[in-house]
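Please work from the sequences and hints to get the whole structure.
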Amino acid sequence: MIGTRAMLFEAPGAFTMASQRRIWALMQAAQDRPDVAELIPGVTNLMLVFTHPPHDPEQVAGWLRHQWATLPERHIRGRLFEVGVRYGGTLGEDLAAVAEHANLSPREVIALHHGNDYTVCAIGSAPGFGYLHGLDPRIATPRKAVPSLNMPAGTVTIGGMQAGISALTGPNGWNSIGYAELSLFDPQRDPPSLFAIGDRIRFYPESIDL
Numbered sequence: 001m002i003g004t005r006a007m008l009f010e011a012p013g014a015f016t017m018a019s020q021r022r023i024w025a026l027m028q029a030a031q032d033r034p035d036v037a038e039l040i041p042g043v044t045n046l047m048l049v050f051t052h053p054p055h056d057p058e059q060v061a062g063w064l065r066h067q068w069a070t071l072p073e074r075h076i077r078g079r080l081f082e083v084g085v086r087y088g089g090t091l092g093e094d095l096a097a098v099a100e101h102a103n104l105s106p107r108e109v110i111a112l113h114h115g116n117d118y119t120v121c122a123i124g125s126a127p128g129f130g131y132l133h134g135l136d137p138r139i140a141t142p143r144k145a146v147p148s149l150n151m152p153a154g155t156v157t158i159g160g161m162q163a164g165i166s167a168l169t170g171p172n173g174w175n176s177i178g179y180a181e182l183s184l185f186d187p188q189r190d191p192p193s194l195f196a197i198g199d200r201i202r203f204y205p206e207s208i209d210l
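Under UniProt numbering, read the sequence shown as residues 1 to 210, first letter to last.
Calculated from the structure, these hints are not laboratory results.
The model shown is predicted, which means the values in this text are computed figures rather than measured ones.
C-beta: ideal position from N, C-alpha, C; glycine also.
Treat the hints loosely; a few may be bogus.
To be verified - FRET-style restraints, in silico, Cβ to Cβ:
1. V146 / A37: 37 to 43 Å
2. E38 / M17: 21 to 27 Å
3. A14 / L210: 29 to 35 Å
4. R5 / D209: 47 to 53 Å
Claimed, not checked - The list that follows gives simulated cross-link-like pairs (lysine to any residue, SDA-like), each with its CA atoms no further than 20 Å apart:
5. K144 / L182
6. K144 / T169
7. K144 / P171
8. K144 / P106
9. K144 / D117
10. K144 / A102
11. K144 / A96
12. K144 / E93
13. K144 / F185
14. K144 / A196
15. K144 / E100
16. K144 / N116
17. K144 / L168
18. K144 / G115
19. K144 / T119
20. K144 / G159
21. K144 / Q67
22. K144 / G89
23. K144 / Q162
24. K144 / A97
25. K144 / L104
26. K144 / A99
27. K144 / N103
Listed below in structure tokens is the structure:
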């Protein structure tokens, strides 16, 4: 339980698309519960916000565990976004550090980064920010011990096994490897978030500055 009206379900195991698709299936099943007011999917987790504090939280937890054990994966085929990236330069200042960590050249890191398609698994952390699955494990890089204090929105990043594009300008501990000219969140847009769960992202190099 989180407080009195929310419960967080954490999936076991690693961050895989198979696990994420089962979270999406669990979300779909929980939508039919009359006691659920809101569902917030995350990376291999799902938070349920109830209309009122549940009388028997363990019964709800048991229902979630049963659904997790029996539901098939849910496939969501979203839109495809092709995103041009200006790799390196001042807006991709951590590219060299990622290359050093991976024991690769910066050009090899760039090739691996745009060599895969990515899937938006969840929207969160900041308005419009999409957690992306699909990063080549050879360029997975831990988040920085000292965050950047003013990373611009649109910065293309790597944080551990995940890839992303920063949605807001501000402090950020992910590694910047480039920049994309797009707005991930616009309160005047319907919907405000550019990306949605299940969308696919395909990066391509607009320029490379080493």
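Comparing the hints with the structure gives:
Between V146 and A37 the CB atoms are about 39 Å apart, so this pair conforms to the stated range of 37 to 43 Å. Checked against the hint of 21 to 27 Å, the C-beta distance between E38 and M17 comes to roughly 25 Å, which is consistent with it. One distance hint, 29 to 35 Å for the beta-carbon pair A14 and L210, holds here, with the actual separation near 33 Å. R5 and D209 have their C-beta atoms about 49 Å apart, which keeps the hinted 47 to 53 Å range intact.
Restraint check for K144 and L182: not satisfied, since their Cα atoms lie roughly 24 Å apart, outside the 20 Å limit. Between K144 and T169 the CA atoms are separated by roughly 17 Å; this keeps the pair inside 20 Å, and the hint holds. A distance of roughly 11 Å separates the Cα atoms of K144 and P171; the hinted pair therefore holds under the 20 Å criterion. Distance hint between K144 and P106 is fulfilled; the C-alpha atoms sit about 18 Å from each other, no more than 20 Å.
Distance restraint check for K144 and D117: the Cα-Cα separation of roughly 25 Å exceeds the 20 Å cut-off, and the hinted pair is therefore not satisfied. This hinted pair checks out: K144 and A102 have alpha carbons roughly 15 Å apart, not beyond 20 Å. Between K144 and A96 the CA atoms are separated by roughly 13 Å; this keeps the pair inside 20 Å, and the hint holds. Under the criterion of a C-alpha separation no larger than 20 Å, the hint pairing K144 with E93 is consistent with the structure, at around 12 Å.
With a C-alpha separation of about 25 Å, the suggested pair K144 and F185 falls outside the 20 Å cut-off, and the hint is violated. At most 20 Å may separate the alpha-carbon atoms for a hinted pair to count; K144 and A196 exceed this at roughly 27 Å. Taking the CA atoms of K144 and E100, the gap is about 14 Å. The hint holds against a cut of 20 Å. Under the criterion of a C-alpha separation no larger than 20 Å, the hint pairing K144 with N116 is inconsistent with the structure, at around 24 Å.
With a C-alpha separation of about 18 Å, the suggested pair K144 and L168 falls inside the 20 Å cut-off, and the hint holds. With a CA separation close to 24 Å, the supplied pair K144 and G115 exceeds the 20 Å bound. At roughly 24 Å between alpha-carbon atoms, K144 and T119 are farther apart than 20 Å, so this suggested pair is violated. Taken as a hint, the K144 and G159 pair is honoured in the structure, with Cα atoms around 8 Å apart against an allowance of 20 Å.
The suggested pairing of K144 with Q67 is violated, with an alpha-carbon distance near 37 Å, which exceeds 20 Å. Using a Cα cut-off of 20 Å, the hinted pair K144 and G89 holds, with the two alpha carbons roughly 18 Å apart. For the hint linking K144 to Q162, the alpha-carbon distance of about 14 Å falls within 20 Å, and the restraint holds. Note on K144 and A97: the hinted pairing holds, with a Cα-Cα distance of about 10 Å set against a maximum of 20 Å.
For the suggested pair K144 and L104, the alpha carbons sit about 18 Å apart, so the restraint of at most 20 Å is met. A hinted pair counts as satisfied when its Cα atoms are at most 20 Å apart, and K144 with A99 qualifies at roughly 14 Å. Restraint check: the Cα-Cα separation between K144 and N103 comes to about 17 Å, which is no more than 20 Å; the hinted pair holds.
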